[in-house]
Structures are given as structure tokens and as C-alpha cells.
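Participant: Line by line, the protein sequences give chains A and B.
Quick note, the first sequence lines up with residues 1 to 407 if you use my numbering.
Quick note, the second sequence lines up with residues 408 to 814 if you use my numbering.
Hints in this document: simulated from the structure, not taken from any laboratory.
Careful: at least some of the hints might be erroneous.
To be verified - Result set (DSS-like, lysine-lysine): computed pairs, CA atoms no more than 27 Å apart in a straight line: (1) A:368 to A:358; (2) A:192 to B:599; (3) B:775 to B:765; (4) A:324 to A:388; (5) B:599 to A:350; (6) A:324 to A:350; (7) A:395 to A:406; (8) A:324 to A:358; (9) B:757 to B:802; (10) A:192 to B:765; (11) B:731 to A:358; (12) B:795 to B:731; (13) B:775 to B:802; (14) A:192 to B:802; (15) B:731 to B:757.
Stated by the list, open to error - Under 10 Å between C-beta atoms, here's a sample of chain A residues computed to sit facing chain B: (16) 130; (17) 156; (18) 241.
No residue lacks a Cβ here, since even glycine has one placed at the ideal position from N, Cα and C.
There are 2 protein chains.
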Amino acid sequence: MNQGGYERHEFRRAILKSIVEAQLLRVLVLGGDGYLGWPTALHLSDRGHETAVLDNFARRRYDEELGVQSLVAIEDLDVRAAAWKEVSGKEIPVFTGDLLDADFVYDVLRDFAPDAVVHFAEQRAAPYSMIDREHAVYTQHNNVVGTLNLLFAIAETNPDIHLVKLGTMGEYGTPNIDIEEGWLDVEHNGRKDRVLYPKRPGSFYHLSKVHDSHNMEFACRVWGLRATDLNQGVVYGQRTPQTALDPRLATRFDYDAVFGTVLNRFVIQAVLGLPLTVYGTGGQTRGLIDIRDTVECIRLAVENPAETGEFRVFNQMTESMSVKEIAELVAEHFPGPVQIEHLDNPRVEKPEHYYNVKHTGLIELGLKPHLLSDTLIESMFPVVEENKHRVEPDKMLPRVNWTRAKN
Amino acid sequence: MNQGGYERHEFRRAILKSIVEAQLLRVLVLGGDGYLGWPTALHLSDRGHETAVLDNFARRRYDEELGVQSLVAIEDLDVRAAAWKEVSGKEIPVFTGDLLDADFVYDVLRDFAPDAVVHFAEQRAAPYSMIDREHAVYTQHNNVVGTLNLLFAIAETNPDIHLVKLGTMGEYGTPNIDIEEGWLDVEHNGRKDRVLYPKRPGSFYHLSKVHDSHNMEFACRVWGLRATDLNQGVVYGQRTPQTALDPRLATRFDYDAVFGTVLNRFVIQAVLGLPLTVYGTGGQTRGLIDIRDTVECIRLAVENPAETGEFRVFNQMTESMSVKEIAELVAEHFPGPVQIEHLDNPRVEKPEHYYNVKHTGLIELGLKPHLLSDTLIESMFPVVEENKHRVEPDKMLPRVNWTRAKN
Ligand SMILES: NC(=O)c1ccc[n+]([C@@H]2O[C@H](COP(=O)([O-])OP(=O)(O)OC[C@H]3O[C@@H](n4cnc5c(N)ncnc54)[C@H](O)[C@@H]3O)[C@@H](O)[C@H]2O)c1
Ligand SMILES: NC(=O)c1ccc[n+]([C@@H]2O[C@H](COP(=O)([O-])OP(=O)(O)OC[C@H]3O[C@@H](n4cnc5c(N)ncnc54)[C@H](O)[C@@H]3O)[C@@H](O)[C@H]2O)c1
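Using the sequences and the hints given, assemble the complete structure.
Facilitator: Rendered as C-alpha cells:
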């Protein structure tokens, strides 16, 4: 090989190396024992990223507190990680600890040295945050202080780490104008600015996410951090290509009135022969997303990081539907009789409202949405069928009321 | 007196009684040991309202922590209340405790049964919140959880209580559009809504106020509470008609770089023959208000409560000035030579920016502003002169930097 050939060869090697390096990242998934954190960790690991998980198992303690459990039995996190090693040959290191423990957070960031941190680790049920004062305070404290600790730890250990943080579509409420992706171009009295999209959230939980977003935007502005805030819609589904590989890899499937999300709960009610419980008229509209799209959105955000100093926001949802439409869709596709029952809405929300959400950011990064179809819903029925002996039907009745404040 | 005459008499008595009752309220001042809380309590008491104060003396502990003290010596709260009794004949009951202690908050509301609660009781220094992670977390926890406890306590004990809450003009940041009073009418893609004014605050302290505002708006919406959020400008001055009655009634006067507000600090620097320390170019503009107007604004808000379910916002400031202009004004009116020194700005903020604030709400309720004049500034010089032996000049140098995150 002549000198020029050798140089070309080296040059190509360097390019190839940089491509591989750019694509294979070290990713730390906070809340990696949860409904979405675990399948996301598997998806990222499967893709070749060095993936680790962190959790304090708070979610498993809420189950005990409320006397509920996931419809599908789930393994301990260590067992899950070992099963993944068996199935895929890949390690997922487990860090056990609390985001409220700042020293722990700093230590993990120094130890694992991630390129990106995906932050799912918050109390995430609106009704849980509305149980009483203590649960409201717990939720805001856990979520806001956990995220503050993380922002400081990133800024101090490596401000280049890309923070991918889960927010919720519920932060926006139901404004009478189009919902943009986090920022709004405003013209007012003949002058213009680009401002954080105004929020009017519907619970102390949703409020905690609004607080997080403001804190994060500030950290990007003053410390030059890079962050992606994902305002996610209601997630449905329980299987991803990776969790389906082995029963020990299953993720949780909540059906109770506190942690169960609406579509999942309706599917379970249908299979059990219980009426689908629609709150109020069911005219309230939600943004939705398939769990397989959630994990893919996270991958896309991680692989296409925000710029230094950028607070980037995506609306992570693929379609909108009213609660009544969701109930009707489930009823239509269930191979048997289904009743729909309207309960007094325990929440305070507008029964009918405008809802038009922009959600093109993730599509532009390459997301190919799985839209809600009969096949998806039908594929959920057997999962429920297999596990229906585990259901406690009384846990599905709403027991938290928005209009009553309790100490 | 004939029958008709008697009825007329009774009727007039009832009307008079209702006027008196409507005007004389039971008001609980949270943070009543602070710079503004104490003079406000005196002003309300002087006006005839049954006024009580609550404080946990956190502010006096920050002084110890930072090794600073108020330029003007202040008495203990019990001594102050006793002095007021002596001077005016009026009682101001003192409740000692922490808003973070929810049981205490519930007990005080049940015990004192206020018509209005004026909430000053927060950690209020932006630089303090930026010292390090611990101080940022302390600030957000203290402020947000204290306010949450209060919201629950009001909702549960008596949702009719009018909450008058101090926010700050710093919540808005410096948008390129006019700053409205808390709410903004937006037109977007041909549709309209009235939304919370978008905020872009400049410190973890200012962020805590934004979080409070969101939590309060929600509490008004779901529980029908009535609240007035006062986005206050930087306060200057140290005397009110009531505090001037007796030296034991004096309020604090902070000059250190952490708690001293800009105009007060400049006056003190001028008297001491120290250069006025302007951060950066001094082009950054602030909303200002005289302490005599602060106490009057609170009275007006208390006597004209928000409606049930209303989240009402006023911008509590009377004029805007750039930091450079404030320095020049002080220099101009000081009877001696004054140097102005430009230090590197320790904060992250725009050096020059648009700033146009609407603040008509309180004027409409009857506020007659004291605008910043030479006489005011000149009246502050003797207060400083008398106390200048207490100054530790090194405490005036900025020691907190916005761009460095520290654990
Ligand atoms: N599930 C949905 O439909 C949905 C919709 C929108 C947004 N989100 C957001 O996505 C994220 C994940 O949701 P999920 O459904 O997987 O919730 P989940 O409760 O199943 O998972 C959250 C995990 O975080 C952990 N955690 C909580 N606080 C922690 C702390 N202080 N330290 C360490 N670990 C902690 C919990 O133990 C749990 O395993 C949440 O932030 C949620 O708000 C979820
Ligand atoms: N001083 C200003 O220029 C200014 C400007 C805008 C807004 N404000 C707001 O006005 C309010 C009062 O400001 P200030 O200058 O009088 O402050 P300050 O620090 O002098 O007074 C606040 C008082 O609240 C008490 N407090 C704090 N946390 C408490 C808790 N958890 N429980 C009970 N008491 C607690 C403190 O001990 C202190 O006495 C604050 O909310 C502040 O944000 C002040």
C-alpha cells in the first residue's frame, strides 16, 4: 500500500470510528424500573447504546400503599437485568438510589459518565398527587427537587450531558389556541417575542412538570446545559419487541384508578366484563401514544441531542382522541358485549374544548408512528385474559376527588 | 319615635354596621418579622384591622449564616409587638412557627380565623438561592411547600379567606413585549385565549415564585379559592409613618450583596464613601416601589378582595429605572463626591433590553404612588449616617456567581 493509500485508509477508519462513536452513546435511564423506563432501557441497549438504569423503587411502594399491583407480574430489577443479559448478551448496570440524595446522583454521574440522561424518575399519577396535602407535597418535592439535584449534578460534573426529560401533555391543559411545541411566537401591541408556551395544568402532578420545565429552561440559559423536554401524551400498550422476548422482561400494566391510564384501563374493563368507566361526558380530549413509539421517541431524542444551551421541547404524542371515542373504539373491537358507564368526573376539567396539538418535531427526527388501530387493541386482549385472575375490580373506581382539599 | 322612624333607624344602623364590618378585617401577616411584613402589619393595625403576625425567624438565621446584619438594629418580634401596644394601644398577636409545618398552619388559621392572609414568608434573595445546590433546593422547598401547605389549609378551613401573596417582577424576566398584569390575551393562528403571562425568571428564587403562581392559579380553579398575586418591584426606603413612631418599631435595612436591594445598597455605599457597585453596564432595568407604597398596596388588596375562584394579579411597582440611572440619581443627590464602579455582572441577564410594564391595577384601587425623588433619597442619608458604625464593607461585594453550579 502506497503512502497516499495508507492515508486514505486511515482517514476512512477515523470517519467510520467517529460515526460509530457518535451513534453508540452511554445512556443513563432514571426511573428504569418503571412502566416506560424499563422498556426504554431495553430498546436503547438493543440498539447498542451502553445503557444503565437507576431507580429507588418508589413506584413499587406506592403499589403497597394503595393495595394495588400491576396486572402483569413484574420481576425485580436485578432479575430483569440478568434476564436481559441472558437473552441479549448485554449488560444493563443497575444503580439503586434516590434522586433526592444529591451525593448519590453526583456519584452515579461520575461513575457511569453518561452522554445522555433520560429522566423518567418522577411520581407520575395525577390522582395520586390529589389524594391529600401530603401526597401533593410529596409529588412536587420528589419531582422538583429530584430534577434540581440532577441539573446541578450535570452542570457540575459534565455540562455537555444531554438531559432528556419526560414532561406531559397535561401541562398545557386545554387552551383555546393551538398547542405548539413548548415555545410560542407571540405578537403583542406590535412587538414580538418567543416565549415559553403558557401552561394551565390540571393537577399538582402536572404542575410539578411545569415547575421542572421552568427550572430546566433556566439551567440551559445560565449554565449552557442542553435539554430536551418531552411533553408526552397518555401511553397505551404493554409490549415492545424487547419485552416480548422473555416473560421476565415484561413491564408493568396498571389498571387501578390512580395509576392506570385510560386506554389500558378500558381494555382491562372490557375483558373483565366490567363497564368502561368514562368520567363525565367523555368529551375531554387527550393526546395518545403507543408504548413502542415512546421508546422510539426517546431513542431519536438521545441520538439527536439538543444544542449546547438549548431547551428543546417536543410534544411526544401521535394522535388525539376524546375519552368517549377511546371507550367506543375499545367497545367496538372487543369480541363480546361491552357497557360504557358515565361517572361523575372526579377531576376538574372542561367537558368539551378545543384541542389541536402540533407534534411534528419527533416525526422530523424520523418517528414512524403506530396509530391506534383495531389490531393494537385486539393484541392487548390476550395479555389481559392471561392475567385476569390478578385483577381487583374495586381498585378501578375513582377514589380521589379534585374538588376536596384534605390534610 | 314612630314605627317608620324606628325602622329607618335600624336600617341605617345595619348599613353602618356592614360598612364597618366590611372594612375592619382580621388579617394574618405571614413573614411578619421581615423587612416588609412588619411595616405592613403596623399599617394594617393602624388602619383598624385586627392584625396578627406569623414568622419562623428564618431571616434572622440567614444573617447569622452569612455573617451580616441589618444596618438598622431591629428588636425581637415580641418587643416590637409590645412597643406597638404601648404606642398605639393595639395588639398584634405573634404566632411563632414554620409554614412547612402544616399542622401549625392549620391550627393558626383555625385559631385566628382571618379574613385575609398576607403571605410574605419566603426566602426572598436571588443571590441566596444561587449560592449552591443546597440553597437553591432550600429556597424552592421553603417557598413552594410553604405556599402549598397554606393553600390546603385555606381550602380546608375556610376557602373564603382571601390570600394576598407576594410575587416579584423578576418572574417575568425581560420579554421583548409589554408586561401585562399576570394574564395575557393571545391571538394565535386566528384563535384567542387569555393565558397566564409567560415567565422567564432569572434565579432559583424567582423561579420559586413562578411555581407558586402556577400552584395558586390551580387552587383558585379547582377549589374556588380567591387570591391576589402581587408581582412586586424592588423595594426601597426604610421608614413608614408607623415605624417612625418609635425606634423599637424600626424595620430591617439590608446592605449586603445577598439581601441588600439595589437602591438601598447604593445609598449606603454613598454615605460610606464607597463606590456604588453597578453590575455590568447597568443597562438592566428594574421596576421599583417605595416601602410606603408597598404597605399601602397590601391594604388596598386586602380591602378589595379578589372574587371567589379568581386568581388576580397586580404588578406592584410604580416606576422603572435602569440600574445605571439609579446609581446616577443617588450620586447626584448625595451631598459629597460619589464614585460609580462597574463590576462584572455576576448574574446572567441581558445588559440592554426592552422593558415596559403595565401597572394600573393598584392605581385603580386608589394607590397614590410616591415616585422616587431627591427628597426620598435625601431622607435616607441620615438613617445610614446614624448607623454607619455597623457596616462591614466587605459584605457588599458580590460573592455569588450565576454561571457556576456548586453542590
Ligand atoms: N405513563 C404515561 O402514560 C405517561 C404519560 C406522560 C408522561 N409520563 C412520564 O413518563 C415518566 C415515566 O412514567 P411511567 O409511567 O413509566 O411511571 P412509573 O411510575 O412506572 O415509573 C417511574 C419510575 O421512577 C422511579 N422514581 C420515582 N421517583 C424517584 C426518585 N426520587 N428517585 C429514583 N427513582 C424514582 C419509580 O420508582 C418508578 O420506577 C414519568 O416522568 C411520567 O410523568 C408518563
Ligand atoms: N424586598 C424586596 O425588594 C421585595 C421585592 C419583591 C418581592 N418581595 C417579596 O416580599 C416578601 C417579603 O420580602 P422581605 O424583603 O420582607 O423579606 P424578608 O426576608 O425580610 O421577610 C420574609 C420573612 O418571612 C419569614 N419566613 C421565611 N420562610 C418562612 C417559613 N417557611 N415560615 C415562616 N416564616 C418564614 C422570614 O423569617 C422573614 O422574616 C417576599 O416574599 C419577597 O419575595 C420583596
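Participant: For a quick check of understanding: which of the numbered hints are violated here, in increasing order?
Facilitator: 11, 13, 14 and 18
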